[in-house]
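Chains as they are written, first to last, in the UniProt record's numbering: chain A, 1 to 373; chain B, 1 to 373.
Hints listed in this document are in silico derivations from the structure and should not be mistaken for laboratory results. Among the clues, some could well be false.
One copy or two, either will do: identical chains are not told apart, so a pair holds if it fits within one copy or between any two.
[To be verified] DSBU-like mimics (lysine-lysine), calculated; alpha carbons at most 35 angstroms apart, straight line:
1. K41 with K243
2. K41 with K307
3. K337 with K307
4. K41 with K337
Each chain is listed here by its residues.
Protein chains: 2
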Amino acid sequence: MAAIIPIPLPQNSYNVVIAAGELSALGTWMTGEVMVGQMGKRALLVSNPTVFAHYGETALASLRAAGFEVAHHLIPDGEQYKTLDAIAAIYNAALAHRLERSSVMVALGGGVVGDMTGFAAATWLRGISFVQVPTSLLAMVDASIGGKTGVNHPQGKNLIGAFHQPRLVLIDPDVLATLPEREFRAGMAEVIKYGVIWDLGLFERLEQSAACDRYDRTSPDLLHHILVQSCQAKADVVSRDEKEGGLRAILNYGHTLGHAIESLMNYEGIVHGEGVALGMVAAGHLAHRLGLWSGAENQRQQGLIDKAQLPRQIPPQLSIEAMVDLLASDKKVKDGKVRFVLPTAIGSVTITDQVPGDLIGSVVADLQVPGGS
Amino acid sequence: MAAIIPIPLPQNSYNVVIAAGELSALGTWMTGEVMVGQMGKRALLVSNPTVFAHYGETALASLRAAGFEVAHHLIPDGEQYKTLDAIAAIYNAALAHRLERSSVMVALGGGVVGDMTGFAAATWLRGISFVQVPTSLLAMVDASIGGKTGVNHPQGKNLIGAFHQPRLVLIDPDVLATLPEREFRAGMAEVIKYGVIWDLGLFERLEQSAACDRYDRTSPDLLHHILVQSCQAKADVVSRDEKEGGLRAILNYGHTLGHAIESLMNYEGIVHGEGVALGMVAAGHLAHRLGLWSGAENQRQQGLIDKAQLPRQIPPQLSIEAMVDLLASDKKVKDGKVRFVLPTAIGSVTITDQVPGDLIGSVVADLQVPGGS
Ligand SMILES: NC(=O)c1ccc[n+]([C@@H]2O[C@H](COP(=O)([O-])OP(=O)(O)OC[C@H]3O[C@@H](n4cnc5c(N)ncnc54)[C@H](O)[C@@H]3O)[C@@H](O)[C@H]2O)c1
Ligand SMILES: NC(=O)c1ccc[n+]([C@@H]2O[C@H](COP(=O)([O-])OP(=O)(O)OC[C@H]3O[C@@H](n4cnc5c(N)ncnc54)[C@H](O)[C@@H]3O)[C@@H](O)[C@H]2O)c1
Ligand SMILES: [Zn+2]
Ligand SMILES: [Zn+2]
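Turn these sequences into a full structure, and let the hints guide you.
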C-alpha cells in the first residue's frame, strides 16, 4: 500500500508519501516524480543517536545509491536540546560538508529532529531544501507536515522559528516498530485531535477499534488508514492557510493548555502528546461548561483518550495560578486575550477569546483531583 | 521632496519612502497609507549605541506619538557583533517586551542593524513584521531593500539568514549628516554599482558632478536623485526576482571578490563598500581581459571609483592563493564553479562561470602592486 497526499500551496507544493518499507528507497523518492522540482546532490542527514542507530544506515545507503553525496549530523536526543545552540552545530556541519543553495537537509527522526532540521534549512544560506522522514507517530501525522519549523527559547516553546515547507515527506510506518509505547500513545493524541476538529469518520473508526494500541503490530491496515486520514486532515487545513492566518489555528486544539502544562513541568516527565491530551480534556470541559458542546460528545472524546491510555489528570503539584498566568504569555495570545479552540460537534470546532479566567481555573482544578471531572 | 518607490511582490509588497526630515514622522508613516496592511501597536526598536545617541529619541517619540507601545534594544556597534548570540539577545528583548505576532520590530541603523533586526523578526514567533529605517548610505540604497536578512557565521559572512520583507522602508537623508566620511564613500560604491549594472543615466549623472563627495552637504537635490535612482534600480531587480533565482544575482557585482577580501582581512580595516569597490575594479579588469568590456568603459568605472575616493588597491599582505581558494567556498558557488557578474556595457552585465582561476589570480596580483592596473 502506498498513498500519496499532495499538499497544494501557492508556491511550495509538495507530496506526503505513506508507504511501508520505503525508507530503503528514500533516495529514489527524492529523485523521482513525487519530488516537485529539482535539487542538487549534496545532502546532510540530520538525526539523533536513538533513531540513527535503528535507521541511519538504511537511509544513508539509500541516499548514496541514488547518487547523493551525503554526510550526517546527530543532535542529542531530547526536547531539551531543541535550542539555538544545537542549530549552530547543524550550521557547522552544513559548512563542513559544504552545502550549497541547491543542497538538501534530510530530517530523520521525531518532531524534535524535524523542527530543528527544518529551521536550520530555513536559515542556512537564507533557505535550502529539506526533506522530512518522520519516525515518530506524532511527527508522521503532525510535525512533519505544514512547514512550521523552529526551536525553543529558554522561556518558551517554539518561540524561535520560521515557516519553511519541506520538499517531500516520506512516511514509512514500519519504523514505528521501535517507537516506545508511550511515544506511540502520544502520537495518538494528535490523531484523536484530527477526529475531533475535522474528521468525524476517523473519530468513529477509532471508536470502533477494539483497543487503541500498537496498530503497527495489531493492525497495519488500520494504521495505514489512520496515517492517511490524519495527514489528509492536516493537508486540508494547512493548504487552506499556509501561514496561520486563520483556519490553521484549529490545529492548536488542546495545545494552548497543553503547552502551558508542558512548560510548567519544564518539559520533564511529560511528552508533547500527553500535554495535548490533557489540553483536549480541558478544552472539552470548557466547551461543555460554556454550553458549546454536548456532554455526550465530550464523554466520547474522553472515552477515546482513555482508550489510548493518555492521561486525563493534571499533576497535583502544578499551580493553577501559574498556569493561568502563563497562558497570557502564550504566543497565540492576541491583544492580551487568550484564544481557545473549542469543539462544537465531533468534527468541528470554533475559536473564541471569550473564556473567563475563573472558568479556566475551575476546569483545571477539577482535572487535578484524582477521578475528578 | 518626498518620493515613494513601490516594491511590488506577489505576496509582500511594500513601499520605500525617501523624504528629508521625516524620521520625526516615523510613527505616522507606519500607520498611514504607504504602510500596506495593518499591524499591532507593540513595537521593539532595535539600534546600536552610535545611531541611537543621534536619532533614538526622535524615533521613539514619533512612535509613541502614533500610539505605539515601544521598547528599545541596542546591539553593540560593529560587524563583529553580527552574530547568532546577538540575535538571541534580541529574542530576549522581544520576550521581555511581550511582542505578539501582530507586533513590529523597527531597525534604526546601518546594514548591520537592518540585517539583524530583519532576521530576528523573520524568526521570532515564526515571523513578525519589521520596518527598516536605514541610517547609512549603504543601508539606504542597498541593505534595507529586498528582504535579505541574516547574520555571519564565524567562518563566513551572511551564511545564516532568511528572506523576510520589511513592511516599510523609511529613508530620511538628513540622518546622513552624522555618518562618518568613510561610510558615506562606502555607500557610494553601491551607488556606482547600480550605475554599472543597471542605470547608465545614474552613472552619467555621477560622472557629471564635480566631485563625488558629501552630497548631503553639497547638493541635497543630487543626493535625493541618487537615492531615488538607486532604490529604483534595486526595486526593479528584486521585484523581478524575489528570492535570488536569477536576475538578482547581478546585484552581487563586485561582491564575489569583495567578500573574499573582507573575509581574509577578518572584516578589520575595511568596510563593506570598500570591498565592493575593489571587487568592481577586479571584475572590470576581468571583463576587459576576457574581451567582454571595452577598456574605455572600464576606465570610466575606474574614474568614478577614484572620484568617490574608494580604494583601488588590494592590501599587499593578502595571499592571492588564499583568496582564490576562498572564492570556491563562497555561497554563490554553484556545483563548484565560481560565478562572476561581469559588465558588458555601462548599464548591463552578464553572469559567467567561465573565468579561469589563473586569470583571477593575475588580475588580483595586479591590484596589489601600487599604481598597478
Ligand atoms: N512543526 C510542527 O508543526 C509540530 C507539530 C507538533 C509537534 N511539533 C514538535 O515536535 C516535537 C515532538 O515530536 P515527537 O513527539 O516526535 O518527539 P521526539 O522527536 O522527541 O521523539 C520522541 C522520542 O522518540 C524517539 N524516536 C522517534 N522515532 C523513533 C523510532 N522510530 N524508534 C525509536 N525511537 C524513536 C526519539 O528519539 C525521542 O526520544 C516537539 O518539539 C513539538 O514542538 C512540531
Ligand atoms: N540585506 C542586504 O541586502 C544587504 C546588502 C548590502 C549589505 N548588507 C549588510 O550591511 C552591512 C553593512 O552595512 P553598513 O555599511 O550600513 O554598516 P554598519 O551598519 O556597520 O554602519 C556603518 C557604521 O556607521 C554607523 N552609522 C550608521 N548610520 C549612521 C548615522 N546616520 N550617523 C552616524 N553613524 C552612523 C554605524 O553605527 C556603523 O558604525 C553588512 O553587514 C552587509 O552584509 C546587507
Ligand atoms: Zn501537537
Ligand atoms: Zn553590498
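Hints breached by this structure: Hint 2 alone not satisfied by this model.
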